[in-house]
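> Please take these sequences and the hints and turn them into a complete structure.
Heads up: the protein sequence lines correspond to chains A and B, in order. Under the UniProt record's numbering, the residue at position 130 of the first sequence is numbered 130, and the numbers go up by one with no gaps. Under the UniProt record's numbering, the residue at position 127 of the second sequence is numbered 127, and the numbers go up by one with no gaps.
Because the hints were derived from the structure by calculation, they are not lab data. Treat each hint with caution, since some may be false.
[Unchecked claim] Once the Cα atoms are required to be at most 35 Å apart in a straight line, the calculated DSBU-like pairs of lysine-lysine come out as:
1. B:Lys-348 to A:Lys-171
2. A:Lys-201 to A:Lys-148
3. B:Lys-350 to A:Lys-160
4. A:Lys-122 to B:Lys-150
5. B:Lys-10 to B:Lys-93
6. A:Lys-85 to B:Lys-129
7. A:Lys-122 to B:Lys-10
8. A:Lys-171 to A:Lys-122
9. B:Lys-150 to A:Lys-134
10. B:Lys-129 to A:Lys-134
11. A:Lys-160 to B:Lys-150
12. A:Lys-160 to A:Lys-201
13. A:Lys-171 to B:Lys-303
14. A:Lys-160 to B:Lys-348
15. B:Lys-129 to A:Lys-171
16. A:Lys-160 to B:Lys-10
17. A:Lys-171 to A:Lys-85
18. B:Lys-129 to A:Lys-160
19. B:Lys-348 to A:Lys-148
20. B:Lys-350 to A:Lys-148
21. A:Lys-148 to B:Lys-10
22. A:Lys-77 to A:Lys-122
[Claimed, not checked] Simulated DEER-style distance windows between Cβ atoms:
23. B:Phe-143 to A:Glu-73: 44 to 50 Å
24. B:Tyr-13 to A:Asp-9: 33 to 39 Å
25. A:Glu-154 to B:Phe-143: 51 to 57 Å
26. A:Met-120 to B:Ala-112: 26 to 32 Å
27. A:Gly-133 to B:Leu-328: 44 to 50 Å
28. B:Ala-318 to A:Ala-141: 40 to 46 Å
29. A:Gln-12 to B:Phe-131: 52 to 58 Å
30. B:Phe-332 to A:Gln-99: 53 to 59 Å
31. B:Pro-355 to A:Gln-99: 43 to 49 Å
32. B:Pro-21 to A:Gln-99: 33 to 39 Å
33. A:Glu-258 to B:Pro-21: 56 to 62 Å
34. A:Arg-80 to B:Phe-143: 45 to 51 Å
[Said to hold, decoys possible] To be clear about the criterion: a stretch of chain B counts as covered by chain A if any three or more of its residues have a C-beta under 8 Å from a C-beta of chain A, and this derived list gives those stretches:
35. 194-204
36. 210-222
Owing to the predicted nature of the structure, the values given are computational and were not obtained by experimental measurement. For glycine and all other residues, C-beta sits at the position ideal for the given N, C-alpha and C.
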Amino acid sequence: MQDGYTTPDGRQIGPVLLDLKNITLRFGGVEAIKNISFDIREGEIRAIIGPNGAGKSSMLNVISGFYVPQEGEIWFKGHRRGPMKPYEVARLGLARTFQNIALFDGMSVLDNIMTGRMNMMKASLFSQALWWGKAEREETANREQVEKIIDFLEIQNIRKTPVGRLPYGLKKRVELARALAAEPRILLLDEPMAGMNVEEKEDMCRFILDVNDEFGTTIALIEHDMGVVMDLSDRVVVMDYGRKIGDGTPDEVRNNPEVISAYLGVAHE
Amino acid sequence: MFYREAGDFKTSYRDDGQTFPIRLDRWGYYAVLAVAFLVVPFVIDSYWANAVLVPFLIYAIAAIGLNILTGYAGQVSLGTGGFMAVGAYAVYKLMTAFPGVPIVIHIVLAGAITAIVGVLFGLPSLRIKGFYLAVATLAAQFFLVWLFNKVPWFYNYSASGQITAPERTILGWAVTGPATTASAKYLICLTFAVVLAWIARNLTRGMVGRKWMAIRDMDIAAEIIGVNPLTAKLSAFAVSSFFVGIAGALLFSVYLGAAEASEAFGINKSFLVLFMIIIGGLGSIFGSFAGAAFLVLLPVLLKNLLVVQLGWPTDLAAHIELMIVGALIIFFLIVEPHGLARLWALTKEKLRLWPFPH
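The structure is reproduced here in structure tokens:
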């Protein structure tokens with residue numbers, strides 16, 4: 001498995017893209033993450049699961065640069081990543097969505113998604129002030145890319161609507177669109193299906209699989225819906241109380257006794 | 001019936017992103033501009049210029065400036081008066097130090113100097129927000145006014161402590177000093193207001209504007225998707241102060257002619273401009289104009305009504321006027337908390353469907 005593997009459905013998974021080594025994260029005396037190592041390979045869908053408070057979201061925040069771990073190393077594309085500001089991490093090619101939707105409510109759907117492309121737009125303040133030259137060219141070129149994503153996620157009819165007026169399920173979809181607009185190497189999804197009905201969940205699953213398939217984007221996701229996780233993901237990390245208790249294909253994880261005891265409890269005799 | 005986008009198809013993203021996407025809207029604004037530039041200068045008298053139009057245009061510029069900072073970037077500021085004073089004293093020092101340079105360049109430079117000062121006082125915004133930032137900018141207000149009063153270099157050691165604008169001309173027409181005609185005053189303010197409003201619109205519909213709004217709506221998410229909060233906030237302070245500085249420079253050189261820092265640029269000015277953007281609508285260029293018009297025109301209207309029409313004594317009218325303006329502000333905010341711009345937007349949305357709302 002050194003240079004990738006082939007999934008049961010025949011997708012070729014590449015080499016390691018993001019490697020987390022011995023990560024420990026403390027808040028004061030509380031150890032949220034205890035000495036965890038795992039990797040994410042090019043092109044795979046990697047899930048992080050675990051009961052509430054297991055440290056999954058903290059793990060995602062470490063990856064996206066929002067928390068800096070006290071110990072451990074993060075390797076991205078074969079280079080060690082020093083402590084970075086979140087906006088610097090975004091420029092490396094990581095985009096994410098949030099557990100509680102974090103859209104810009106005062107802006108239209110289109111503007112929200114356009115914000116995702118800010119790292120591709122480099123026109124000077126002067127050029128933007130006059131709406132002349134580079135600023136205007138960039139705006140049009142990036143709008144075209146954004147329209148492709150709008151088509152892809154089937155949200156054409158709401159592109160000019162202020163985000164604050166949208167229902168929950170659509171907001172989640174717009175947030176995915178904003179993350180996709182950045183053309184990330186790795187897309188981090190924090191509970192993309194939380195609070196959705198069956199139909200919306202099915203739509204979201206389809207979009208996640210399509211994103212992985214069409215753009216070849218590597219995806220790391222946190223999700224509580226076990227059915228979804230086991231169906232979607234290629235490999236699963238299981239966390240409990242900040243420790244890693246399982247790592248492997250969905251089948252391996254499902255039969256791991258430690259995972260079963262964490263989720264179902266252990267019989268005491 | 002005519003005001004709608006049906007049948008007005010856009011065939012390129014460039015067309016779709018334009019300022020006035022609806023044809024009637026576009027022609028309406030062009031008509032207003034044509035009247036403002038081609039008709040008004042020939043019919044304006046000094047009462048209309050000094051009491052209504054010139055202060056309206058100057059305060060509109062200041063309101064756009066504050067709206068960029070507070071309405072678009074979400075950083076509350078109570079230092080507008082202080083920054084206007086920077087613009088005024090900068091243009092005074094430049095006018096007296098380099099008499100040969102055209103006044104327009106001096107005014108733009110005064111804006112640039114204010115932008116630098118604005119960035120300095122914007123630095124605390126990187127650590128604090130909301131009310132705490134408002135208090136920090138309040139410190140800027142008091143410090144700047146104190147500075148211009150205490151350091152004689154700023155007012156060229158004049159005995160009165162005042163600054164007085166010398167006469168400067170554009171193409172032979174006096175635009176500052178006592179010989180200035182009403183139409184010259186009006187035209188220079190109008191030109192600045194139109195150009196600056198256009199620049200503000202361009203900035204706010206482009207990527208800079210989106211970064212500002214992202215910081216306003218959710219700063220943590222903005223940072224995680226790639227907004228550098230340092231550059232976003234400081235650029236908002238710079239651009240905003242540039243606008244406010246130009247407004248201060250025009251207020252002193254074109255409108256007042258002579259000024260003294262604590263009197264002309266006191267805390268009252270900061271609140272006046274803040275009220276303008278709250279009544280007009282936060283995050284709207286149109287709202288900046290509407291708010292400035294409301295607060296400049298209303299006192300004039302009331303004065304005309306009470307003193308000229310009803311014959312009340314001037315001092316009584318002046319007090320009643322304050323009470324009515326205050327009551328109207330409260331009434332407006334209760335009826336439409338998002339300001340005149342929102343009211344206007346709702347009207348337009350209804351008009352789009354009229355007369356077939358279903």
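> So which of the earlier hints does this model not fit?
Structure breaks hints 4, 5, 9, 11, 13, 28, 30.
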